[in-house]
Structure formats: structure tokens, C-alpha cells
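Protein chains in written order, with our numbering: chain Z, 504 to 862; chain A, 504 to 862.
Honestly, the hints are just simulated from the structure, not real lab data.
Check before you lean on any hint, since a few could be wrong.
Any copy will do: because identical chains look the same in the list, a pair fits if it lies in one copy or spans two.
To be verified - Here are the simulated SDA-like pairs of lysine to any residue, each with C-alpha atoms no more than 25 Å apart in a straight line: (1) Lys-789 <-> Phe-579; (2) Lys-657 <-> Glu-677; (3) Lys-570 <-> Thr-582; (4) Lys-597 <-> Tyr-622; (5) Lys-554 <-> Lys-657; (6) Lys-603 <-> Leu-505; (7) Lys-507 <-> Ile-627; (8) Lys-740 <-> Glu-850; (9) Lys-587 <-> Val-623; (10) Lys-587 <-> Ala-811; (11) Lys-779 <-> Thr-582; (12) Lys-663 <-> Val-572; (13) Lys-857 <-> Arg-641.
Here the structure is a predicted model, which means the values were calculated and not measured.
Protein chains: 2
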Amino acid sequence: MLKKSRLNAVLGRMEKMGLEQMVITDAISILYLTGVWVDACERLVALYINKNGGNRFFVNNMFHVPKNVGVHMVRFTDTDPYLKMLSDCTDHTKPLGVDKNIPARFLLPLMEMGAGTSYVNASICVDETRAFKDEEERQAMRLASTINDKAMEKFKALLKPGITEREVANQFKEIYQSLGADDVSFPPSVCFGPDAAVGHYRCGDVALKEGDCILIDTGCIKDNYCADMTRTFFCGKVKNEEHRKVYELVLAANRAAEAMIKPGVRFCDIDAAARKVIADAGYGDKFTHRLGHFIGMEVHDFGDVSSANEAVAQQGNIFSIEPGIYLEGNMGVRIEDLVLVTEDGCEILNSFDKELQIV
Amino acid sequence: MLKKSRLNAVLGRMEKMGLEQMVITDAISILYLTGVWVDACERLVALYINKNGGNRFFVNNMFHVPKNVGVHMVRFTDTDPYLKMLSDCTDHTKPLGVDKNIPARFLLPLMEMGAGTSYVNASICVDETRAFKDEEERQAMRLASTINDKAMEKFKALLKPGITEREVANQFKEIYQSLGADDVSFPPSVCFGPDAAVGHYRCGDVALKEGDCILIDTGCIKDNYCADMTRTFFCGKVKNEEHRKVYELVLAANRAAEAMIKPGVRFCDIDAAARKVIADAGYGDKFTHRLGHFIGMEVHDFGDVSSANEAVAQQGNIFSIEPGIYLEGNMGVRIEDLVLVTEDGCEILNSFDKELQIV
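Okay, chain Z solo, but in the shape it has when bound:
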């Protein structure tokens, strides 16, 4: 069912850009606005919105759509001139907003038909709206993270010397499903020892051995919303004092950032606070990525917590806080929670223990 308040927020942002009309083709943005999930793969699915009305939802006949979506449906087949049908709905005398990812095979024909006077990447209007989670979304995000917390307990129980990263990772999907999640939200990272220092590492055939750090970055999807959490454990013992120090630094950076989150604080300042803890101890160059990213229906929603983002946190934003220190060829630690900005602070959506744990 069409979510009118979300749609109105998008139209409001479009107005500030001088846009009256837009074609939204991103399946997740369409789900966000209509409540309808259409996985059209290479086929067109489009929501046309106009501040003067005349909204239209274009969906190929081969996909099921519930009755009463609350927007006029245009159904078509593969042999219909669906781009012409779409162009026939747009106001050819006005600029046309388009999705940042609309592919050339749709955009070039629309341009040729003169669907608008000009074409503007207007995704920011949807993306910024999606950055403010309404109550329904907050509940969904809490639930996904609650499942993620429970799942991490089960993942931790798998960590015995000799098991490989892949053997651990291969069990995540089933564990998530047994806890009521729909799926993983991304291919999990299970990294032992030096692998924890490799960016974007997923898993391999390395077996766990005493003294290894164990970095697990994982999340599930529940009711279309994503969880994402990282914890780092140690197998049997902490190998040396530097490993312990690195862990405590990352934890302190995580807590320093989370402690300052409230409406009005700039994202670059949150990033700086975490980075300062790590840099002051001489590991600044080992924290090689931004502090966090927005999350919601996508694991990486638009928006981040980085030195480049001077915008301020606002109530309803949900993002990750995930400082890390990576010692190449040796070990790595990252500790990541999701946080929701509240009226006067933040709610940490993950409750899984962050103190150093030996398994």
C-alpha cells in the first residue's frame, strides 16, 4: 500500500530541486514507497510520481502485484512499447527526475521520445527520505539486529580450533533462518588471524588455531530490513600484549563515537572522535576506512559517517559505527554496532557483548 507520508517527503525534496516529476526505477526505493517488492531483473519496473498527481506504477504482467496498491497500475507485456507508455505519462514540458541507476537502455529511449525537457539525477530526494526511519522501520531494524545478536551467540559457539573460515560461514544462512530471519543481508566475513587485516575478505579454507583473532562481520535480513554487526574474538588466548591493546583501542573508539551521537552532531566529528582514539595511540594509519555507513532496506543505504560528511545526525537516522585496526600479515580487530539517533542521544541496536572474549 502506497506510503503517502514517504511519498510526500520525496515530493517535498524534489520541489526544492525544482522538480515536479520523477521516474523511480530502483526496486528497493519502489518497495519503500509502495510496499510492493518486484524483482524484475532486467525488465522495467518504474514508479512515476508527479506533484500534480498522475502517479503511475509500471509493472510487467509476469510479476504479481497485490490488489489496492493505492496507485494507478500500468501493466504490460514484453512485447508492449512500455517505454513509450511511460513517456506518454510524463509531462514533456518539464524537467524529468530520474533514478541514479536507471540504465541507458531505458534512459536513452526516454530521452529520444522527449519524456522531459531535461533529465536530472534526482535519487537524492528518495535517498535522503530513506535516511529517516519512521516508527515502522525502526521496529523492523530493531528486530533484525536482535536476531543478529542471537545469531552471533551461535556463530561464536562454532569457533573451535581446526574449523575453517568457510565451514563457519557456510552455516550462517541456516542459523539465521532458524532464528526467523529471511536471509543473510550480505555474504558474511569470517576471518582468522592475518585474514582479519585483509579488506573485504570473505572466507577461505584457513583453519582456526590458538592465538588467532576471529573477526566476524555479518548480518541478516528480516522483513526487508538489514542488520550488520562485527565482533572480534580470540581463540584460546590473546597472543600478545599488542593484540590486547589493539582490541581495547578499537573498543574505546567504538564507545567514544557512540557516546557523542545525538541530533545536531556532525558525522565528520563522530568519525574524528573515533579516529582520534586510535591515532593518539599511534595506529591512525591502520584504521583504513570510514567509521560507518547508513543502513536500512540496503546494507549500504545512502549516507556515511566519514571525514567528508559535514551533515549533522538527525533523529531517525540509523547507521553503523565500526572502527577497526588492521595489522597486515598479523591480525585485525573491528567492532561494529548499528545505532539509531533518538531525540537526545542514540539507541544502540546491538546488545551483543563487546568486551574482549576468548573462545
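Since the structure of chain Z is provided, determine the placement of chain A on it from the hints.
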């Protein structure tokens, strides 16, 4: 390492379209042409090609690229004006071919900078080239299908009354990996009884019971090439004569199609031959999809075996032959092989038995 013969084939097709230059942004097409896989997610990765030389490969610094790719590399960071850098390489006095899926956030700025005199969806030049598998690709496709055949034996062994579709499907990835595959090539379908008649069904919590048909549509990836096969079994017994008849019809349709494949035969005629077997028995309206699709680095490469495709099969084409009959609320049967068009016939890449099997 740049695959010169593939690149020259693409440039040859571009010439027929009147194009001298093109920006290729599809990661798989780039892998096909350069041998380099860059999973850039939302970041730009682009291969610029020009018949007059001046080829350039644009890759963000954060992604590893092997030395000696055989094409001039342009490396950049997130804060560099990478679209301007790309536009600076193109010939602004000529039309510019672009990828069918290049997103608006790249295409609109390139247009604004006047990267070409006009912009043409030229993906067909790459896609048609990819439709002819060279010897290296044929070997990779054979290997992926050989693994898929072996995996199907293991999947079949899981089929005991009481097991659910999901419990079966959840084991595929690990089984494929144990056989040397890199991953599944798509989320497998495991359908019991009436679920086998539901289009695009994946799996659910339905338990297997005697008399059910069992439709398994599955594939793996090995060395960047995809397998895809469907087999239909019966649990304990064939419930009734219609089920047996449906199976035999689908098998006859599969064989009729495969028997006629050779260079010069139209795809629509191959589709028609399979469809005739099924329609003559009165089930024409229960065979609700095209007969097959091309496959290679993607499960669905460009090109299909359908009533709409009047092109002729040529040596080196690889596609699926997958007739089916679907009886809603009752059962469904599909039997799918991959075939390679040879000099005077075809090589069936799957050797898993197609006779009716009771498990």
C-alpha cells in the same frame, strides 16, 4: 591479460553500427575482454575502447589489478574527477557507444561534458561477441557442467521423505564447493509437488512426501563460467498415469529439440520443435516459457531460444534447452541441459541421466 581477438570482434561489430568508440562499464564484459575482475559495486569501472587505439582501463585505486593487463590503466581515487578524466579520453567529435546498463549517475555527467556527439546503446556488440564461446570458454563451460552433473547425484541422495525443500537447498553451496566449484550460479530451485508448477519458485518449508514430483533447477560457477541444469524426480512412486505421461512428453520435447541443433537452424524452429511435441499432446498452454537462454559468464547471457528469435544457431553458441509442463496445484516437470553448437550438430554438456527416476 587483454583478449585481443575478443576485443577485435567487438570493434568489428561496432564498425558495422558506425561506431569507433565505446565505454564498457559492465563488470562481466570487462572481465571477458581484459581477464580482470573488478567488483566495484557502486564505483565506476570502465573500459574505453577505440578502433584507432587509445584504449584505457579506468579502475579505482582501492581495487587490485594485476600488472600487465595489456591496456593503459587509469587509476583514480574517490575524490578525483574520474568522469572528467574519462571524458577527456573520448573523441568528442564522434558518437559514443555506451553499455546498456551504464547508470544515469555516470551517463548524464558524460553527456553534460560532451563526451560524444551522441550516445548509443552499443552493448549488442559485446553481447553478440560473448555469444560465441572460444575454446578456452568451451572448456570452462564443460568443466562447470561436469561439476553440476556430479552435484546432482549428491542432491538426489538427499531426497528422503520428510526433508524440506529448504533443507535440501541449503546444502547445495557446500556440496558444490566440495566438488571444486566456486559458488552457486543462482539461488537454486527445489520444488516438491505443486511447488514445481510455480514460476520462479525457489524453496520453502514444504516436506517431501511419497508421490511428489521433485524439480531441481540448479547450477554452479567455476572459473567465472556458469552451469545450469534441471532434473525432475519422483518420490517413492509416480502418483498417476498423467504424471508419467507429462514426464515422458517433456523428455521427448527436450530430445526433439536437441536432435535438431546444428549451425544454420533458427532458434525459433528449435523452440517450435519442442513446443510441438507438448502441444500435440494437448499441453501447449502448460509450457509457459521460452525453450532456452544463452549462458556463459552469466546464467542468462544475451540471446534466447524462443519463438521470437529468428537468428540461426552458430558454432560456439551455448544455450539451455529446458522444456516444461506445469499443472497448477498439482505438479510440474522440466528437463534442462546446456548444449554447445558444434560444426555439424551439438554437444550436450550435461550427462546426468534424463530417464524417469524414482527416489
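Status of the hints after comparison with the structure:
no. : hint                : result
1   : Lys-789 <-> Phe-579 : between (53 Å within a copy, 21 Å between copies)
2   : Lys-657 <-> Glu-677 : both (11 Å within a copy, 19 Å between copies)
3   : Lys-570 <-> Thr-582 : within (24 Å within a copy, 46 Å between copies)
4   : Lys-597 <-> Tyr-622 : both (9 Å within a copy, 22 Å between copies)
5   : Lys-554 <-> Lys-657 : neither (49 Å within a copy, 57 Å between copies)
6   : Lys-603 <-> Leu-505 : within (22 Å within a copy, 30 Å between copies)
7   : Lys-507 <-> Ile-627 : within (18 Å within a copy, 40 Å between copies)
8   : Lys-740 <-> Glu-850 : neither (32 Å within a copy, 57 Å between copies)
9   : Lys-587 <-> Val-623 : both (19 Å within a copy, 18 Å between copies)
10  : Lys-587 <-> Ala-811 : between (41 Å within a copy, 21 Å between copies)
11  : Lys-779 <-> Thr-582 : between (59 Å within a copy, 23 Å between copies)
12  : Lys-663 <-> Val-572 : neither (50 Å within a copy, 41 Å between copies)
13  : Lys-857 <-> Arg-641 : within (23 Å within a copy, 51 Å between copies)
Consistency with the previously given hints fails for numbers 5, 8 and 12, ordered from lowest to highest.
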